[in-house]
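**Q** So the chains spell out like this:
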Amino acid sequence: MDKERKIKNIFVQGAVAPAFVAESIAKHSTKTDIGAHSIFMGQVRADVIDGKTVAAIEYTTYEEMALEKMHEIREAIFRQYPLTCMHIHHSLGRIAAGDICLFVFTSSGHRKAAIDACAEVVERIKKELPVWGREIFDNETHQWKENK
Amino acid sequence: MAYSIRLFGQIAEMAGATTLEVDAVADVQSLRATVEARIPGLQQLPYLVAVDKDIVTGNAVLESSALIALLPPYSGG
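Line by line, the protein sequences are chains Z and C.
Counted the way our numbering counts, the first sequence spans residues 524 to 671.
Counted the way our numbering counts, the second sequence spans residues 62 to 138.
Excised from the complex, chain Z in its bound form (with noise of 0.2 Å):
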């Protein structure tokens, strides 16, 4: 493992495309250490709320301490479980409903810590990292997101 990881930058301007989910898991096929993957993606859903549907959500942070907060998380993380590597991609902007905003993949030798570890990366991100979404509803109007 490394000892020393940097601060890195998690946020993506716009959704998470597809491809870039297949990319990334091809890119770990000469990482042979690895037996398992465990991956969650956030997708925006189109809630309905008085009548009104979710056309997009737009995500925005403060991004210094957001990924301070991350670094932090990242270490706890690893000290917690044995991962063999782990990426966390949070997308800022406008995204439409049906799109990927969260993808968190996190890889290790076996299967459990690495959907457990994933498992709780998701939750903390939802619950400490100063990011905030709009819900903009189809007739342009919006309300703010709350996490449940």
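In silico BS3-like links for lysine-lysine, alpha-carbon gap of 27 Å or less:
# : chain 1 : residue 1 : chain 2 : residue 2
1 : Z       : LYS671    : Z       : LYS575
2 : C       : LYS114    : Z       : LYS529
3 : C       : LYS114    : Z       : LYS649
4 : Z       : LYS592    : C       : LYS114
Read the hints as simulated data drawn from the structure, not as lab findings.
Being a predicted model, the structure only gives us computed values, none of them experimental.
Since the structure of chain Z is provided, determine the placement of chain C on it from the hints.
**A** Just chain C, lined up with the frame of chain Z:
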């Protein structure tokens, strides 16, 4: 000495700006009273105060160099 406070998400929308200039205050509790008087509706929102990119729980003395931000409830992912 004054603070230029960074505003995010719903709070930036309520204030109609992404920063708020506030005269020096002694601590986070006074800061909360000051910004709640300046931004209508803020008092009803369970917001967090970040000082130098760390969440302050309870009260804390504010240094003149403090980097302050007001954070509405998170909704990432």
